[in-house]
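S.K.: Each chain, written out:
There are 2 protein chains.
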Amino acid sequence: MPRESGTKRAILDAALELASVNGISGTTMDDVAERAGVAKGSLYYNFSSKDKLFEKLLLEGVGALTECLRTARAGLAGWDAIESMVRALLKLLSENRALARLMAAEILRTDRVWQHSLHLLRQEALGEFVEPIRQTGGATTLPDGSPDRLTLIAGSVFGATLMGALDWLVFDPDRSVEDVAASVLYALSGRLNT
Amino acid sequence: MPRESGTKRAILDAALELASVNGISGTTMDDVAERAGVAKGSLYYNFSSKDKLFEKLLLEGVGALTECLRTARAGLAGWDAIESMVRALLKLLSENRALARLMAAEILRTDRVWQHSLHLLRQEALGEFVEPIRQTGGATTLPDGSPDRLTLIAGSVFGATLMGALDWLVFDPDRSVEDVAASVLYALSGRLNT
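Read top to bottom, the protein sequences are chains A and B. So in UniProt numbering, spot 123 of the first sequence is number 123, and the numbers just go up one at a time. So in UniProt numbering, spot 144 of the second sequence is number 144, and the numbers just go up one at a time.
Next up, chain A with everything else stripped away, as it sits in the complex:
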C-alpha cells in the first residue's frame, strides 16, 4: 500500500487497525488520536472529519489495488492476464489483511458519504479485469456484451478471488499463495463445466 510519511501515515494506520476490529461506526476520532499517539488538534489538522479520514483510507486502498492489477496484466492478454491478476490480487490481500477486511465490509454499504468516489474507483479496479475478459471473446455470446455486463463478470472473477483469499487467510493460512491461486483459477478455468 502507498506510504505517506509522518503523522498523516500514523493516523491512517491507527484508523485502519481500529476499524478492522470494531468497524468504522465503532471507531471514534478519540480512539484514533489515542492509538496514533497524536493530539486531537493534530488529528483534526490532518483530517477535518472522521468521514474524510476513512474516505482517504478506502480510496487509497482501492487505488493500490487498481495499480496492482494494472501491473500484473501488463503485456498479457485474455486468460494469461486473468491468471496473473488473480495471483497478484491474492498476494496483495495477504499482505494487507486489515485493509482487505475493511474494504470487503465497505463494498456492501450504500449509506456512506464517500460512496460516490469509492464507486468510481471500484469501477476503475474492476475495469482492469474487463479488458482481458473482452479479449477472451466469448462475452459476445451473452444476451448483451455491454460494459455493465462485462463489469458484472469482472465482479464475479474478483469475488471468487476475494473469497478464496479470505478462506485462506482466516481458515487455512499455512497454504502457499500458489496453492490458493490454483484453487481459485480452478473455479474459473472451466474445469467445473464438464
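Calculated from the structure, these hints are not laboratory results. Keep in mind it's a predicted model, so treat the numbers as computed, not measured. Each hint should be verified, as a subset may be incorrect.
[As the list claims (entries may be wrong)] If you anchor each label on the Cβ, the simulated ranges turn out as follows:
1) B:S117 <-> A:E95: 27 to 33 Å
2) B:A64 <-> A:R70: 35 to 41 Å
3) B:Y45 <-> A:E178: 49 to 55 Å
[What the hints assert, rightly or not] A few chain A positions that, by computed beta-carbon distances, are all more than 10 Å from chain B:
4) E17
5) A39
6) F47
7) S49
8) K50
9) G63
10) A64
11) T71
12) E131
Glycine included, every Cβ here is placed at the ideal spot set by N, Cα and C.
Fit chain B to the supplied structure of chain A, relying on the hints for placement.
M.R.: Okay, now just chain B, sitting in the frame of chain A:
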C-alpha cells in the same frame, strides 16, 4: 429465512435492521429494544446478551442458506447442480439483502464469540458445493484433491456468486436474476479460459 413468531422474531428483525446499517459493534441492546418496541426486561428474557442475539441471527442465516443450496441441487449432479445453486443463491440474497450484507461483513471476522459455531455452519454451507465439484471430476488433477482443497474451490464459487449478487443489488438492481446468473455462470463456465 426462517420465521419465529412474536417477540423473539421482532427482536431479531430489529437487530438485523440496525446492524445492517451501523454494524454489530455500532448497535446496542438499548437500540434493539427501542426499534423492536419491547421493554429491556423482555429483550433480556429472550436473549441473555447481545452476543447471544447476534449469534442466533447469523446461525439462522447460514442455516437458511445451506437449506436453500441443498434444495437447489436435489436430483442434480456436477455443473447442472452448480448452475442451479448459483441461481438459488442469487435469489435468496436478493430477497434478504440486510442479512446478506451482515453475513458478508461477518465472514471476515475472527474475534467473535460465535466464531466457532459460525465456522462449522459455514463449512456445512460450502459443503453443499463440494459434492458437485467433486462430481465434475477434474479436481483430481490438482496437486491434492483433499477436502480442504475442495472447500477452497467451493469458497471461490460462492464468492463469485456473492460478489455478483452485491454488484447487482447495489449498482444494477434493474437486471433480472436470470441475467445476473448468466454473468456469474459465465465467469465459472470456462469461457474465460480460451
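S.K.: Each hint should be assessed against the structure and marked as holding or not.
M.R.: Comparing the hints with the structure gives:
1. Between S117 of chain B and E95 of chain A the C-beta distance comes to about 30 Å, which sits within the given range of 27 to 33 Å.
2. Take A64 of chain B and R70 of chain A: their Cβ atoms lie about 40 Å apart, and the range 35 to 41 Å holds.
3. For the pair Y45 of chain B and E178 of chain A, the supplied restraint of 49 to 55 Å holds, since their beta-carbon distance comes to about 53 Å.
4. No Cβ of chain B comes within 10 Å of the Cβ of E17 of chain A; the nearest lies about 13 Å off, and the non-interface call holds.
5. Its beta-carbon lying about 26 Å from the closest one in chain B, A39 of chain A satisfies the requirement of being farther than 10 Å from that chain.
6. The Cβ of F47 of chain A sits about 20 Å from the closest Cβ of chain B, beyond the 10 Å cut-off, so the non-interface label holds.
7. Non-interface status of S49 of chain A relative to chain B is upheld: no Cβ of that chain comes within 10 Å, the nearest being about 17 Å off.
8. Distance check for K50 of chain A against chain B: the nearest CB is about 13 Å away, which clears 10 Å, and the non-interface claim stands.
9. Every Cβ of chain B is farther than 10 Å from the Cβ of G63 of chain A; the closest lies at roughly 19 Å, confirming the non-interface assignment.
10. Listed as outside the interface, A64 of chain A is consistent with that label: its C-beta sits roughly 19 Å from the nearest C-beta of chain B, beyond the 10 Å cut-off.
11. T71 of chain A, annotated as away from the interface, keeps every beta carbon of chain B farther than 10 Å; the closest lies near 20 Å.
12. No Cβ of chain B comes within 10 Å of the Cβ of E131 of chain A; the nearest lies about 12 Å off, and the non-interface call holds.
In summary, the structure agrees with every hint in the numbered list given earlier.
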